[in-house]
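Chemist: Next come the chains, spelled out residue by residue.
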Amino acid sequence: MILVVLDHDGSRLRKASLEALTRARRLAEALGERVAGVLLAEGQAPVEEARGHVETLYVAELGPYTAEKWAAGILEAAKAGVKAIVAPSSRQSRTYLGRVAYALKAGLLEDTLDSWAEGGQVYATRYAYLNRVTQKVRSALPVVLTVKPNTTPLAEPLGAQGEVVALSLPPVATVEVLERVQEEKKGVSLTEADVVVTGGRGLGSPEAFQKVEELAALLGGAVGATRAVVDAGWRPYSEQVGQTGKTVQPSLYIALGVSGAVQHLAGMNKSKYIVAVNKDPEAPIFKHADYGIVGDVHQVLPALIHAVKKLKD
Amino acid sequence: MKFIAVIRQVPDGESRLRIQGDRVDLSGATLILDQMDEYGVEEALRLKEKHGGEAVVVGFGPERTEEAIRTALAMGMDRGIHVVYEGYADPVTVAEALAPILKEESPTLILTGGQQADWDSQALGGALAEALGVPVVAWTTALELEGETAKAKHDLDEGAEWVRVRLPAVFTTQQGLNEPRYPTLPGIMKAKKKEIKKVPFGGGSRVEILQESIQEKTRLQKVLDGKDPVAAAEELVRLLHEEAKVI
Ligand SMILES: Cc1cc2nc3c(=O)[nH]c(=O)nc-3n(C[C@H](O)[C@H](O)[C@H](O)COP(=O)(O)OP(=O)(O)OC[C@H]3O[C@@H](n4cnc5c(N)ncnc54)[C@H](O)[C@@H]3O)c2cc1C
Numbered sequence: 001m002i003l004v005v006l007d008h009d010g011s012r013l014r015k016a017s018l019e020a021l022t023r024a025r026r027l028a029e030a031l032g033e034r035v036a037g038v039l040l041a042e043g044q045a046p047v048e049e050a051r052g053h054v055e056t057l058y059v060a061e062l063g064p065y066t067a068e069k070w071a072a073g074i075l076e077a078a079k080a081g082v083k084a085i086v087a088p089s090s091r092q093s094r095t096y097l098g099r100v101a102y103a104l105k106a107g108l109l110e111d112t113l114d115s116w117a118e119g120g121q122v123y124a125t126r127y128a129y130l131n132r133v134t135q136k137v138r139s140a141l142p143v144v145l146t147v148k149p150n151t152t153p154l155a156e157p158l159g160a161q162g163e164v165v166a167l168s169l170p171p172v173a174t175v176e177v178l179e180r181v182q183e184e185k186k187g188v189s190l191t192e193a194d195v196v197v198t199g200g201r202g203l204g205s206p207e208a209f210q211k212v213e214e215l216a217a218l219l220g221g222a223v224g225a226t227r228a229v230v231d232a233g234w235r236p237y238s239e240q241v242g243q244t245g246k247t248v249q250p251s252l253y254i255a256l257g258v259s260g261a262v263q264h265l266a267g268m269n270k271s272k273y274i275v276a277v278n279k280d281p282e283a284p285i286f287k288h289a290d291y292g293i294v295g296d297v298h299q300v301l302p303a304l305i306h307a308v309k310k311l312k313d
Numbered sequence: 001m002k003f004i005a006v007i008r009q010v011p012d013g014e015s016r017l018r019i020q021g022d023r024v025d026l027s028g029a030t031l032i033l034d035q036m037d038e039y040g041v042e043e044a045l046r047l048k049e050k051h052g053g054e055a056v057v058v059g060f061g062p063e064r065t066e067e068a069i070r071t072a073l074a075m076g077m078d079r080g081i082h083v084v085y086e087g088y089a090d091p092v093t094v095a096e097a098l099a100p101i102l103k104e105e106s107p108t109l110i111l112t113g114g115q116q117a118d119w120d121s122q123a124l125g126g127a128l129a130e131a132l133g134v135p136v137v138a139w140t141t142a143l144e145l146e147g148e149t150a151k152a153k154h155d156l157d158e159g160a161e162w163v164r165v166r167l168p169a170v171f172t173t174q175q176g177l178n179e180p181r182y183p184t185l186p187g188i189m190k191a192k193k194k195e196i197k198k199v200p201f202g203g204g205s206r207v208e209i210l211q212e213s214i215q216e217k218t219r220l221q222k223v224l225d226g227k228d229p230v231a232a233a234e235e236l237v238r239l240l241h242e243e244a245k246v247i
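Protein chains in written order, with the working numbering: chain A, 1 to 313; chain B, 1 to 247.
Okay, chain A solo, but in the shape it has when bound:
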């Protein structure tokens, strides 16, 4: 069995889960295995949608997320005999799957760009060295594999009516959730956005981000921030792009008043096109940019907004 972890937002499967399904089906075909899904939920879960994608769907109602409960749920589903576990790559999955991989003594292939099976082994490509190096890696079975978002075509539903199996788990109570600090969600999510407009310390003030938001909205994109900006309290941590923030890979990444430190580049250097606006012609970001303007962001940004509006009219 190839087991897919079907991540969801409480009402629908996430796009990343459909990518994981595509990868799982490819492995299943090459290894002569069937695909099953596991849906871990806190409250409502999209059971009907999920069973359209798999022959067997394991469902567990687990309450608030903890790595221990999620790992236990997956291990329970895996008891039916598992060759590979495929999951969308996220901070959370990369934590609880560390537990799962250890428990199964499986090879763990994290955040893969591509994957395939050959001669009973699983191969994958992934980035390393803060996204600077591409690795080709191999593991024997069993394997636990996470799929980097936006790397894989989305799976179509099989039109199946998968059998639903409810998992019952003994209570796991080593971590008690005291308080959730929900993030305010507006617009497109940063990691899924096709356009990201990031502001750095060069913007000079939190107020200057109104214009960043305006440009992002015009382009149907999301706002990003550097660590310098987050540390200064100008923007929430959830918007930070980089080694300790989010990794993004949009078609268009616009960096405004961003110096281009390696830790920042690690989160965005795989973007298709990178645009930089910086007043310093020597700023490292220009070496990593396709297009750039050497100039004061306070003059260039309004002009950019105006030019985009003109184009749209």
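Heads up, a few of these hints could be off.
Unchecked claim - Non-contacting residues of chain B with respect to chain A, defined by C-beta distances greater than 10 Å in every case (computed):
#1 Ile32
#2 His51
#3 Gly147
Unchecked claim - Simulated restraints on C-beta separations:
#4 B:Glu49 to A:Glu213: 48 to 56 Å
#5 A:Gln182 to B:Gly133: 27 to 35 Å
#6 B:Glu49 to A:Leu169: 33 to 41 Å
#7 A:Lys136 to B:Glu148: 13 to 21 Å
#8 A:Lys15 to B:Lys217: 20 to 28 Å
#9 A:Lys279 to B:Glu243: 20 to 28 Å
#10 B:Lys192 to A:Lys136: 40 to 48 Å
#11 A:Pro64 to B:Gly133: 20 to 28 Å
#12 B:Ile19 to A:Lys287: 13 to 21 Å
#13 B:Lys227 to A:Glu213: 22 to 30 Å
#14 A:Ala232 to B:Pro62: 45 to 53 Å
#15 A:Gln182 to B:Glu148: 27 to 35 Å
What the hints contain is simulated information worked out from the structure, not anything from laboratory work.
Everything numeric in this text was worked out from a predicted model, so none of it was measured.
Think of the CB as a built atom: it goes at the ideal place given N, C-alpha and C, for glycine as much as any other residue.
Starting from the known structure of chain A, arrange chain B with the ligand on it as the hints suggest.
Modeler: What follows is chain B with the ligand alone, placed relative to chain A:
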């Protein structure tokens, strides 16, 4: 009380990477204590300062990893343990190598970085926790001891939460948890005399690296002069629309 920081030595992000025979060659790179692990060292030191006890640094990697262990000792850690292993090891293998040592030490808690700056793995915390049969709290930004438990704040994929966790537990660290101190000159002198116990590891990695390549995407580097911001902005938008076709 005993606080353990698990660390590795990695290339400095600024240093040049070379490829030799299909693999990354670090011989010319500046190697440092992984900055993500540094947050763990700092937190172990702060916990010890507040609650007393011992702060121990455990390093995994080749002989040269001793330098990173010395850095942690110079920051103030009491003693070091070095699990010596050449080459790449996946997180499950690293956890297997470290588990017997960590069990024997029986610490109050264990800290390690949220992501490795060389292999880009985020799984060591989870794998270690499983190996020890204890809980894991990932991407921790605040940590307080409360008797047999700890209260911690940590990031989720969306948002953050406060949790209470039974100790011992593994915490993965990140920016925001603290500001790591610099080793002082007296600290460096003292570190020379501190014990580092060497432990060989005979196991092997489950995951093999077959090939590594540096694919710095060649960028167009078309830079416009912004003295006339309106003209530059219009030209940029034209290029993005007509040439790159991304807007
Ligand atoms: C372990 C670790 C993890 C890290 N993780 C991250 C991470 O995830 N993300 C991240 O971003 N950083 C991270 N950093 C920090 C990183 O090293 C840099 O400090 C940070 O990215 C700098 O942010 P910045 O470019 O906004 O600010 P600065 O470096 O201050 O650069 C500001 C830029 O704006 C330009 N500028 C100033 N005024 C103007 C103007 N009026 N018009 C146009 N341009 C102007 C300047 O020329 C300069 O290039 C990390 C560091 C460490 C040690």
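Chemist: Run every hint past the structure and note whether it holds.
Modeler: For each hint, the structure was consulted:
no., hint, verdict
1, Ile32, "holds (12 Å)"
2, His51, "holds (21 Å)"
3, Gly147, "holds (14 Å)"
4, B:Glu49 to A:Glu213: 48 to 56 Å, "violated (42 Å)"
5, A:Gln182 to B:Gly133: 27 to 35 Å, "holds (31 Å)"
6, B:Glu49 to A:Leu169: 33 to 41 Å, "holds (40 Å)"
7, A:Lys136 to B:Glu148: 13 to 21 Å, "violated (46 Å)"
8, A:Lys15 to B:Lys217: 20 to 28 Å, "holds (24 Å)"
9, A:Lys279 to B:Glu243: 20 to 28 Å, "holds (24 Å)"
10, B:Lys192 to A:Lys136: 40 to 48 Å, "holds (41 Å)"
11, A:Pro64 to B:Gly133: 20 to 28 Å, "holds (21 Å)"
12, B:Ile19 to A:Lys287: 13 to 21 Å, "holds (20 Å)"
13, B:Lys227 to A:Glu213: 22 to 30 Å, "holds (27 Å)"
14, A:Ala232 to B:Pro62: 45 to 53 Å, "violated (39 Å)"
15, A:Gln182 to B:Glu148: 27 to 35 Å, "holds (29 Å)"
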